[in-house]
Structure formats: C-alpha cells, structure tokens
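Novice: Chain by chain, the residues:
There are 2 protein chains.
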Amino acid sequence: MQSTQIILAARPVGEPDDACFETRVVDLPDLEDGQVLLRTVYLSLDPYMRGRMSAAKSYAAAVELGEVMVGACVCEVLESRSPHSAPGDFVLAYTGWQTHAVVDARHTRLLDPARAPLSTAVGVLGMPGFTAYAGLLQIGRPQPGETVVVAAATGPVGSAVGQIARLKGARAVGVAGGPEKCRALVEEFGFDAAVDHRSKTFVDDLAAATPAGIDVYFENVGGHVAQAVTRRLNKFARIPVCGLVANYNATEAPQGPDRLPGFMSRVLSLSLTVRGFIQDEFVSEHQAEFEREMAAWIADGSVRYREDVVEGLENAAETFRGMLVGRNFGKVLIRVGEDPTLA
Amino acid sequence: MQSTQIILAARPVGEPDDACFETRVVDLPDLEDGQVLLRTVYLSLDPYMRGRMSAAKSYAAAVELGEVMVGACVCEVLESRSPHSAPGDFVLAYTGWQTHAVVDARHTRLLDPARAPLSTAVGVLGMPGFTAYAGLLQIGRPQPGETVVVAAATGPVGSAVGQIARLKGARAVGVAGGPEKCRALVEEFGFDAAVDHRSKTFVDDLAAATPAGIDVYFENVGGHVAQAVTRRLNKFARIPVCGLVANYNATEAPQGPDRLPGFMSRVLSLSLTVRGFIQDEFVSEHQAEFEREMAAWIADGSVRYREDVVEGLENAAETFRGMLVGRNFGKVLIRVGEDPTLA
Numbered sequence: 002m003q004s005t006q007i008i009l010a011a012r013p014v015g016e017p018d019d020a021c022f023e024t025r026v027v028d029l030p031d032l033e034d035g036q037v038l039l040r041t042v043y044l045s046l047d048p049y050m051r052g053r054m055s056a057a058k059s060y061a062a063a064v065e066l067g068e069v070m071v072g073a074c075v076c077e078v079l080e081s082r083s084p085h086s087a088p089g090d091f092v093l094a095y096t097g098w099q100t101h102a103v104v105d106a107r108h109t110r111l112l113d114p115a116r117a118p119l120s121t122a123v124g125v126l127g128m129p130g131f132t133a134y135a136g137l138l139q140i141g142r143p144q145p146g147e148t149v150v151v152a153a154a155t156g157p158v159g160s161a162v163g164q165i166a167r168l169k170g171a172r173a174v175g176v177a178g179g180p181e182k183c184r185a186l187v188e189e190f191g192f193d194a195a196v197d198h199r200s201k202t203f204v205d206d207l208a209a210a211t212p213a214g215i216d217v218y219f220e221n222v223g224g225h226v227a228q229a230v231t232r233r234l235n236k237f238a239r240i241p242v243c244g245l246v247a248n249y250n251a252t253e254a255p256q257g258p259d260r261l262p263g264f265m266s267r268v269l270s271l272s273l274t275v276r277g278f279i280q281d282e283f284v285s286e287h288q289a290e291f292e293r294e295m296a297a298w299i300a301d302g303s304v305r306y307r308e309d310v311v312e313g314l315e316n317a318a319e320t321f322r323g324m325l326v327g328r329n330f331g332k333v334l335i336r337v338g339e340d341p342t343l344a
Numbered sequence: 002m003q004s005t006q007i008i009l010a011a012r013p014v015g016e017p018d019d020a021c022f023e024t025r026v027v028d029l030p031d032l033e034d035g036q037v038l039l040r041t042v043y044l045s046l047d048p049y050m051r052g053r054m055s056a057a058k059s060y061a062a063a064v065e066l067g068e069v070m071v072g073a074c075v076c077e078v079l080e081s082r083s084p085h086s087a088p089g090d091f092v093l094a095y096t097g098w099q100t101h102a103v104v105d106a107r108h109t110r111l112l113d114p115a116r117a118p119l120s121t122a123v124g125v126l127g128m129p130g131f132t133a134y135a136g137l138l139q140i141g142r143p144q145p146g147e148t149v150v151v152a153a154a155t156g157p158v159g160s161a162v163g164q165i166a167r168l169k170g171a172r173a174v175g176v177a178g179g180p181e182k183c184r185a186l187v188e189e190f191g192f193d194a195a196v197d198h199r200s201k202t203f204v205d206d207l208a209a210a211t212p213a214g215i216d217v218y219f220e221n222v223g224g225h226v227a228q229a230v231t232r233r234l235n236k237f238a239r240i241p242v243c244g245l246v247a248n249y250n251a252t253e254a255p256q257g258p259d260r261l262p263g264f265m266s267r268v269l270s271l272s273l274t275v276r277g278f279i280q281d282e283f284v285s286e287h288q289a290e291f292e293r294e295m296a297a298w299i300a301d302g303s304v305r306y307r308e309d310v311v312e313g314l315e316n317a318a319e320t321f322r323g324m325l326v327g328r329n330f331g332k333v334l335i336r337v338g339e340d341p342t343l344a
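Residue numbers (my numbering), protein chains in the order written: chain H, 2 to 344; chain Z, 2 to 344.
Because the hints were derived from the structure by calculation, they are not lab data. Be aware that one or more of the hints could be misleading.
What the hints assert, rightly or not - If you anchor each label on the Cβ, the simulated ranges turn out as follows:
id : chain 1 : residue 1 : chain 2 : residue 2 : range
1  : Z       : ASP31     : H       : PHE237    : 51 to 59 Å
2  : Z       : GLU319    : H       : ASN235    : 37 to 45 Å
3  : Z       : ASP113    : H       : GLU286    : 42 to 50 Å
4  : H       : TYR95     : Z       : PRO145    : 34 to 42 Å
Said to hold, decoys possible - Taking beta-carbon pairs under 10 Å as the criterion, some of the chain Z residues facing chain H (in silico):
id : residue
5  : ALA20
6  : THR24
7  : LEU29
8  : ALA61
9  : ALA62
10 : GLN144
11 : GLY244
12 : PRO255
13 : GLN256
14 : ASP259
15 : ARG260
16 : LEU269
17 : LEU271
18 : SER272
19 : GLY277
Claimed, not checked - In silico EDC-like cross-links for lysine to aspartate or glutamate, where the CA-CA straight-line distance does not exceed 16 Å:
id : chain 1 : residue 1 : chain 2 : residue 2
20 : H       : LYS169    : H       : ASP206
21 : H       : LYS236    : Z       : ASP281
22 : Z       : LYS236    : H       : GLU282
23 : Z       : LYS236    : H       : ASP281
24 : Z       : LYS169    : Z       : GLU294
25 : H       : LYS169    : H       : GLU294
26 : H       : LYS236    : Z       : GLU282
27 : Z       : LYS169    : Z       : ASP193
Glycine included, each C-beta is placed from N, C-alpha and C at the ideal position.
Start from the sequences and build out the full structure, keeping to the hints where you can.
Specialist: This is the structure:
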C-alpha cells in the first residue's frame, strides 16, 4: 500500500508558501503485530500547525524538515493486526497530512459514527470544542450576566465559546471578519451581538456591543482585536489565551511604541487574570464530562457547529494559508477520502 | 490644634518634583462625638502613592489637587470623644502626609505596642507584608523545590516574599540594586541567591542564580528586570503583579519594538498565569491568618524586616522620590513625631 504525503520541505518565513510543502508518495511497511493500516477520511486543519512548522521553541516539538505535516485525522481501518480494531472501524489518529498510514492501534481512538458525524471528532466534539469548553469554564469562569467576548467567533473554538457562555447565562459577543460571518453569529449560533473587526467603526461597535464592559475575553487571535478589547475590560476580568493567530506569520517584533508596559499597567489596575493554556492540561480531569455535556448540547440543539470542508489533500496547503487569515467559515477540514457514513 | 500638611499642588509629569507638593498649616476643627484627635508618629511611604498623584484611572481614586497626600500612618490618640479610643492609645489611620488629624474613631485600628514595634503596622505586619503574603500564597502558590524570584527584594514586600517562599520550601532569588543590598538579601534575609540588576552581567547572573528556571515571578517593578525574568520562566509559571514601579514615572509608551506580541506568545507557549492584584481583595479571607502567622514568624526569627526611617515630614517628598528609584534600603517610613514606645 502506498501513501501520498505532504511533508515540511522548508521552514516558513512569514506566510507558509508553496516551497514549504512537498508531496511525495511512499510505500507503507507491512503490518506488525498491534498495528493497523488506516485510510484518511478527514484531515483537520488547525492554527497550531503554524507553530509546529517553526523551529522556535513552542509548546510542542517542531515538525522536522522532511517529516509528514502533523494533524489529527478521522480514518477508516483497512487492515488490522490488533485485537482492538477491525477493518471498517473509524478511528481518531494523529497521522497528519497523508492519505494512508500504518500506526500502532493503541495510538488511535475508536469513533462511533452513530453518535455524531465522524467529522465532529476533530471539531466540536474534539480538540477545538474541548479547548473552548475547558478554557472558558476552567479559566474564564463566566458568571450569569457577565459579558464574554471571543474573536474568530465563527471558527470551531470561537463558536463553541460563545454558545457555552450563553448556556452559562452570560452575554456572548462574537468578533468576526465581514458582515456574513457576523450575521451567522447572531442568527445561526445565537450570540447576543456580533462585531465586524474589518469595519472602520470596529472600536465603537465593540463598545456598543459591550455596554457593561467585558468580563471574559477568550483570546485566540491577538492583534488589533485584542487591543480594542483590552480597553473595555472590567475589573477582575479573565483572559484565557489559547491562540494568537494574528501573530503566527509575524517574522519580527512589530515597530513600537512598546505596548507591554501599558498592558501590564492594566493587568495591575484592573486585577486581570491572563492565563495561557493548551487543552492537554485539562484532559484527564474534564474530557469525559466535556464529551457527555457537549454531545447532549449538540443533540438538543443548544450547540450548533459549522464545517468548512475542502475536497482533496492537494488543497491542504492553500486552505491552511487561508485559514490563518480567516478566509474559512467554520471548522476547516480536508476530505482526503470518501466518508462512507454520509448518506 | 494645628496640623502641618503636605498637599498635592500639581500633578506630576514624570518624576514628582517640588512643584507637586506644597506645605500648609491648617487649624483643625473641634472634636465631634465619635471623633479622635491624632498625632502622627510614622507616615508610611509606598510606591502606590505615585499612582494616586495622577488623574489617570487606576485601581483607586486619584488625590484631588489641594488635598492632603494620602498615606497610612501610625498615630497617637491625643484626645477622644469615642468610647473606642483613649488618649495614649496608638492606632493605624489613613491620615496621610500631615502632623495631626481629626478623624472618626471607627476609621482607625487599635495597635498593641507590646506585640510588635509600632512601625511594623505599616510594614511587615501591615499592608506591604500582607501584599507579599497574599500575592505569593494565593496567586504564586510556590511548591517545595520551585524557584521564586522577586525584585526590589530588600523592600518591605520583596523581603517578605522571599522569606515566605523559603518557609514554603521554595528557592528564593532576590533582585536588588547594588552589592550592599544583594549581600543583605543572602546574609540578613536568608535568600538562596541575590542578583544585582545594575550589573552589566545581570542577565547571565540571573541565569546562574536560577539553574532550574523560574516558577514564580512576584512582579513589583517591571522594566528590564521583568524582561530578563520572562526569558527564564518555566512552563506553568505564575506571575502575581502587585506593582510596576519602573513604569510609574513614565510619561508615554516607550519606543519600540512592541514587546506585547512576544510576551503574549510566551504566555501561550508556557501556559503562564499573569494575575494583577491589590491586597484588598484578600483581606476578608486571609488577613487574620496573615497576622497570626506573620507575628509568629517574626517572633521566632524566621521572618526579618528592615526599616529605612527618615526624620521629619519636611523630608517626605525627597524621600518619596528616592524610593521610586530604589535609593531606600528597607521599608520607608517618615518619623513625623516622637515614638514614645522606643526605649
């Protein structure tokens, strides 16, 4: 069996251009005991991948040059030499940007296609949904009547943040790029208000949407959105920081003035809590409860999600670049191969 | 009875110069029921006062032009029309930069001169000590074997932070200005190591003093110390922020580059907790336990403190300026009038 793989060919300087990616076809080894042969159905594209492409120290090891780009996938088991898997099973596996892979079955997790669409395992019921759930509830801790702001709000993390905030009795304000996304935030996801960060009146619009200030800012973008939000924070506001996608392609510290002293003054004068996190740290304590609660919320319609599915592994790089600048609308997936569970 | 007062005459631009302060003598009113006439023994000078001199929004209201400069004082009761106070009592009162005052007795707190020297009520057993105690234990939460770094370490907050950290089994590293203060940190206060931030080798010295990185940075200065510390932080490090004295006299955002995006990237990649606080928020829950524990630590010698006492209210402004740039050595007090409890 062969696998078509996209490897990291060069480290990006700024936006990852085509030279960063290379496609190759490799022969997969025969299965050993305990291994499974997988066919990729969905590849999840997520902002954290930009960090893995750089050699700079981050919260996870960088992808080595020549290695397959990392990523979570929904796969079908084609062959198995493990008692835990059988051909036809669907599993979650971290096989990355490729069509097929041979992995140890213990590194996969069985999915139940009857419970929810397969794709949700890397979206609202997977890492992005759990990032929203854990960061909002464990760090943001919104109280009834408080105001929660999240950017990239139509994305898989942001849309879950706003909807969970509302389920906890808070006012949810979403920031997104363009009127179409803003409309969807209110009409589709039930946010209390939406603000277009591309509008010239963004700062005023944000103020109008947050008349009582901001108590929780779920930070996943940084940049000019964060700057405007910071001015509206209330005393004792909490800022869970799970991403800074606006900075990911930056190649050097921006020109001044230096805003750090002013930010720290605000941390002090408002008794702010700024807390970076990766969802991993909450898995052992909260993952099971998340899956139970989120599955119920999806089933009863109180949490909705939107997917932006692009066909074909060959479109992964271009789709990834678009995601980093917000061209997607919803959770970004590459359909690498057929999903036989779709009607 | 007359009071000599120092009032805020002009808002400072940068360092508060002599034009900011004006001395006047006023006649105090006769006592009404419930009031006491106080004679100031000690005036506490603290960095937070710089913030109160500015009109800018901070965590407390600004001093109005023409008002007496704020401050906590140890006072002797000269006359009383309150059942709660008698002449000869010593009390803690927020009477500010003046020699005498008439206040409601309910706004004072009785001090016991037999328990500890009167001056400690505005130092190690008062607000600065409690700031150290609450910020370190409630936010910093040092674990045995972890490394705690604090700047302005010979000051009343810093010296308490380091000593409490050691009592909790952590490694205490103090940052101070000059070899004399650094020597005192190790020899007098028992820090594990001290680093001189004025030294050309400061960054390397800090690295040598924190071989296992830094788990808690108790932030009370900002500036170049904070910058060097940030590079040594470990994953999940905590930064209680109780002051930024290096910035207090700044008049505008410093020239670039803009270090905020880089700082936030570190918050994210290291899962840092950055938490501003004012000790007030912890008073109801932890003040009583603090007073009990700290008094015991002082009594058994496990916490030491140092005071920098300057005679005469007329020296308050110059002493205050010196404190903002670290010319003091220990808790800064103005002895406004005689302390009859001193042998």
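Novice: When the nearest CB of chain H is found for Z:LEU271, is that gap smaller than 10 Å?
Specialist: 6 Å, holds
Novice: Please check whether Z:GLY244 passes as an interface residue: C-beta within 10 Å of a C-beta belonging to chain H.
Specialist: For Z:GLY244, the interface hint holds, since the closest Cβ of chain H sits about 7 Å away, which is under 10 Å.
Novice: Please work out if H:LYS236 and Z:ASP281 have their alpha carbons no farther apart than 16 Å.
Specialist: 13 Å, holds
Novice: Does Z:ASP259 hold up as a contact with chain H if the rule is Cβ-Cβ below 10 Å?
Specialist: 5 Å, holds
Novice: Starting from H:LYS169, check that the Cα of H:GLU294 is at most 16 Å away, please.
Specialist: Holds, because 13 Å separates the two Cα atoms, which is no more than 16 Å.
Novice: Quickly compare the C-alpha distance for H:LYS236 and Z:GLU282 to 16 Å and report which way the hint goes.
Specialist: OK: H:LYS236 and Z:GLU282 at ~11 Å, within 16 Å.
Novice: Starting from the range 37 to 45 Å, see whether the pair Z:GLU319 and H:ASN235 falls in it by beta-carbon distance.
Specialist: 38 Å, holds
Novice: Are H:TYR95 and Z:PRO145 spaced within 34 to 42 Å by their CB atoms?
Specialist: 36 Å, holds
Novice: Hold the hint about Z:ALA20 up to the distance rule: shortest CB distance to chain H must be less than 10 Å.
Specialist: Since the shortest Cβ distance to chain H is 24 Å, the answer is violated.
Novice: May I ask you to test the interface hint for Z:SER272 with respect to chain H, counting a Cβ-Cβ separation under 10 Å as satisfied?
Specialist: Holds. Min distance 5 Å.
Novice: Taking 10 Å as the limit, does the beta-carbon of Z:ALA61 come near enough to a beta-carbon in chain H?
Specialist: Holds: closest Cβ of chain H sits about 9 Å from Z:ALA61, inside 10 Å.
Novice: Need the status of pair Z:LYS236, H:GLU282: alpha-carbon distance at most 16 Å?
Specialist: 11 Å, holds
Checked against the numbered hints given earlier, this structure breaks hints 1, 5, 6, 7, 9, 10, 20; the rest are met.
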